[in-house]
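Q: Heads up, the sequence shown is in numbering that gives the first Met the number 0, so the first residue is 0 and it goes up one at a time.
If you are wondering where the hints come from, they were derived from the structure by calculation, not from laboratory data.
Possibly wrong hints are sitting among the right ones.
[What the hints assert, rightly or not] In silico DSSO-like pairs for lysine-lysine, Cα to Cα no more than 27 Å straight-line:
1) Lys-273 with Lys-148
2) Lys-273 with Lys-328
3) Lys-328 with Lys-268
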Amino acid sequence: MNIREMMEEREKQFLQPYAAFSVDAVRDRPEEPCEIRTAYQRDRDRILHSKAFRRMKDKTQVFLAATGDHYRNRLTHTLEVSQAARTIAKALSLNEELTEAIGLGHDLGHTPFGHTGEAALDAALKQVHPDWSFRHYLQSVRVVECLEKNGNGLNLTRAVRDGIRNHGTAGHPETLEGQIVRLCDKIAYINHDIDDAIRAGILTESDLPAIYTDALGHTVRERLNTLISDTIYNSRGRSRICQSQEVAEAMAGLRQFMFDHVYHHPVVKQEEQKAQNMLTSLFFWYMEHPDMLPEESAGFLNRGEDQALVVCDYIAGMTDHYAIGRFEKLFVPEGWRDR
Numbered sequence: 000m001n002i003r004e005m006m007e008e009r010e011k012q013f014l015q016p017y018a019a020f021s022v023d024a025v026r027d028r029p030e031e032p033c034e035i036r037t038a039y040q041r042d043r044d045r046i047l048h049s050k051a052f053r054r055m056k057d058k059t060q061v062f063l064a065a066t067g068d069h070y071r072n073r074l075t076h077t078l079e080v081s082q083a084a085r086t087i088a089k090a091l092s093l094n095e096e097l098t099e100a101i102g103l104g105h106d107l108g109h110t111p112f113g114h115t116g117e118a119a120l121d122a123a124l125k126q127v128h129p130d131w132s133f134r135h136y137l138q139s140v141r142v143v144e145c146l147e148k149n150g151n152g153l154n155l156t157r158a159v160r161d162g163i164r165n166h167g168t169a170g171h172p173e174t175l176e177g178q179i180v181r182l183c184d185k186i187a188y189i190n191h192d193i194d195d196a197i198r199a200g201i202l203t204e205s206d207l208p209a210i211y212t213d214a215l216g217h218t219v220r221e222r223l224n225t226l227i228s229d230t231i232y233n234s235r236g237r238s239r240i241c242q243s244q245e246v247a248e249a250m251a252g253l254r255q256f257m258f259d260h261v262y263h264h265p266v267v268k269q270e271e272q273k274a275q276n277m278l279t280s281l282f283f284w285y286m287e288h289p290d291m292l293p294e295e296s297a298g299f300l301n302r303g304e305d306q307a308l309v310v311c312d313y314i315a316g317m318t319d320h321y322a323i324g325r326f327e328k329l330f331v332p333e334g335w336r337d338r
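Please model the complete structure; the sequences and the hints are all you need to start from.
A: Structure below.
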């Protein structure tokens, strides 16, 4: 019995019956199993070593023009989601490696400039294909299925791809591990966005409604502890991941408060139109000049992929700085750059 088989046997002994067992993992393209790592460990490692994962370090979370080294970006958000989710999975005796893989991969397809960029690409794509939509969670699946490894994808297991595809608010993950990540995505961004908003001077702790902070806590640390602990104690021995009614209602209220007072705040919104105009301009420029797409993107065109989809792939994969650089190169006269 090799190390991987020993770990698979250990899962059968210690994980709950509702857990996703590594031995049952399925890939669309069958592979020879690793002697050391389970299937979900391999998925986690493939995500960690992907180009899309590395690019997240230079993609906006909320604050487009944040000055300072301590604001979250897409990568730090991803790490916070993954570790909160793994804490819950461990406490519930569910599959930690599957949970971690979904958490690390859930935002691989996110655009530069956060949801602002997502909205810009969605609007631009609809001008070409009115019935199509650009959604970052679907793009994340496309990244791991098609775009990485020169078009071959990462060949991740179906459970990981299901969790990535369904991590959004309207998603319904098939596994409990996917359900954990879906909830932890909200837990993480509500709390770290509060922290960043306080750092930016948009909020103070006292601005948060007492009806929510009395239930959840009066610091980021307290709120995270409440939300994670509540999820653990209300999900133990159950076939779904859930929260108590009081905590779920308080979290939903605090989330709405953030939409009303932070996500649409003038400081947050002031650069968004510029970012949207920039990505929209890039989209239609590359639609008119497909010969200027990089070699890797051209390869997808040669395979018969729709041009608008390939252009979306290219732009969605850009970091904030790379998108700005492309825009300056294409639209700003050289003598006027950096003035």
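Q: For every hint, state whether the structure bears it out.
A: Comparing the hints with the structure gives:
1. Under the criterion of a C-alpha separation no larger than 27 Å, the hint pairing Lys-273 with Lys-148 is inconsistent with the structure, at around 33 Å.
2. Distance check on the hinted pair: Lys-273 and Lys-328 sit about 16 Å apart at the alpha-carbon level, within 27 Å; holds.
3. With a C-alpha separation of about 25 Å, the suggested pair Lys-328 and Lys-268 falls inside the 27 Å cut-off, and the hint holds.
Hint 1 alone, counting from the list given before, is not met by this structure.
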